[in-house]
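Read off the chains here:
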Amino acid sequence: MQPTSSMKEEFLQKWQMGLQIYRPLIDNTSVSERRKAIKLSADVAMASLRRGTTCWSRALIQKTATEDNFLVRQMLSGIKAETLINKKLPKVMCHRKIVRRSKKILRRRKSRSAIEEVAAKARKLVNKKTQGLRNVVPGGEFMSNDVLLIQETLDYIVSLQTQVNVMRSIVDAAEAGSER
Amino acid sequence: MDLSGRFGARSGNGVPFREVTGLESLHLGGGDEFRQMVLPENGGGFTALLELPPTRAVELLHSSSSSSSQATLHSVGTLTFPSNPILMERAARFSVIATEQNPNGNISGETTTSSVPSNEHIKTEPAETETSDQAAVEKQNNRCGKRKDFDKKVKSSTKKKSKSSEENEKLPYVHVRARRGQATDSHSLAERARREKINARMKLLQELVPGCDKIHPKRDRFWWKDEDQSVLWGPSNCKLSLEESFDLQIQGTALVLDEIINHVQSLQRQVEMLSMRLASVNPRIDFNLDTILASENGSLMDGSFNGTTMQLAWPHQVMETEQSYHHRQLQQPPPQQWPFDGLNQPVWGREENQDHGNDHNSLMVGSASLHPNQVKMEL
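Protein sequence lines correspond, in order, to chains A and B.
Residue numbers for the first sequence follow UniProt numbering, so the first one is 1 and each next one is one higher.
Residue numbers for the second sequence follow UniProt numbering, so the first one is 1 and each next one is one higher.
Rather than coming from a laboratory, the hints here were simulated on the basis of the structure.
No residue lacks a Cβ here, since even glycine has one placed at the ideal position from N, Cα and C.
Some hints here could point you the wrong way.
[As the list claims (entries may be wrong)] 30 Å max Cα-Cα, derived DSBU-like pairs, lysine-lysine: (1) K203(B) with K124(A); (2) K203(B) with K129(A); (3) K203(B) with K121(A); (4) K203(B) with K128(A); (5) K121(A) with K103(A).
[Said to hold, decoys possible] These stretches of chain B come out as covered by chain A in the derived footprint (C-beta under 8 Å, 3 or more residues): (6) 188-202; (7) 253-261; (8) 270-276.
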């Protein structure tokens, strides 16, 4: 599934709303501050497209809320902002570490047949990759099963694509304008 | 009998069947359907399976309470099922053993399905050795949740029927459930269902991420870790030797995952770079551009004006107001109700460009090629 036009529209509208919140503070002349403002508002706009149905969107909103609570509140006003901001993500991460450690301790010595060795290696490899994926996708650590992870990744990729497309067109337009 | 009455019809009366529609939609669909399904009318069962463990406890309670009266039915062959050795033999008879771990298991009955019954046979052994109630209840839970889903995936009806012949006396319900005798526990059923789901989604991901298609000729198979088993399960019946198949499939999965990770990272980096570019442009523009665009009333959409005027007009438009823009030598289009701003044009222009391979000025080409009506419809 590719980004649809309605998604792009919605993203742009929300992003504009976010940017306008920053407009009074336009005297933050530093480029990095502006960049941060742009990026944060774009992220929140992208996450709010999903209206809290997906795990990554909630995690992303929470992440940006730690950096700029005001922006998030303003942008999400009316879309269950309070619940999204205040909701604590499940602390599954702790459990997994403990489980992993205890599994290591309890691991029994099995016969290391060729199949099992290969399987163990394969398992480790796939585990490493999925862990890498969890690190990249926001909120990935809290997705306990692989199905959910893949699902969220799918949705996240589509939303990122939307974001990139819209931002690129804005940037192109702005740069074309400023060249004259 | 109570059991048959409750489950024979399989009409979704019982508690476990409430997940039917949810699971069906999940199996068939991608992200969208999953989202719809997360808020289903039968919210209790399936969402519990997929969401946090605490909610799972509720499901466990629910299913165990309902299943307590039908102990025989729900017991998935490990604890209360009396004929374990018979089941073993049955499983041995009907499952294809592709691994050397099971010398007994050289079985007739090559399954017609593409799943890996052999692995499930292996699973029966550890499954049967488990005696904890918790595990059994857990399996029951899995099975309840995934039962219908699993049924949908059944491809070998013969296997079902032959398997159910023995259990039919006790479990008249079984015949609809595939591979139950073969697997003898809900755990492998659940694992199978889970794996099918993962593979379906991985296929979707492959289509989305560029460059995944050529990773491996056998890319339709994915191998995933299995937390509780010692063997890596895959979706299909491997005709290769096991080591080969493992290597190939694992490479496939690992490479695809790599690709996905790279793609996501590249997209994130692009966002950062774009925001940096936008920030480094004249500050007035990046914050005011949008407002100007928003107030713009679709003059950009006119397909009849040529590109050069567009190019000239654009910077002025940024600095000037909308009224002055209209005074340009553009033919005035009929006022159109654009709920959206002029960005729509570059957005479409960009898409058109990518189609035509022209990256020059997205605004010009897009605007020149699109008719206002067309663009409006696409809105």
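Now for the hints, and whether the structure bears them out:
{"no.": "1", "hint": "K203(B) with K124(A)", "verdict": "holds (22 Å)"}
{"no.": "2", "hint": "K203(B) with K129(A)", "verdict": "holds (17 Å)"}
{"no.": "3", "hint": "K203(B) with K121(A)", "verdict": "holds (23 Å)"}
{"no.": "4", "hint": "K203(B) with K128(A)", "verdict": "holds (20 Å)"}
{"no.": "5", "hint": "K121(A) with K103(A)", "verdict": "holds (17 Å)"}
{"no.": "6", "hint": "188-202", "verdict": "holds (count 5)"}
{"no.": "7", "hint": "253-261", "verdict": "holds (count 6)"}
{"no.": "8", "hint": "270-276", "verdict": "holds (count 6)"}
The structure shown violates none of the earlier numbered hints.
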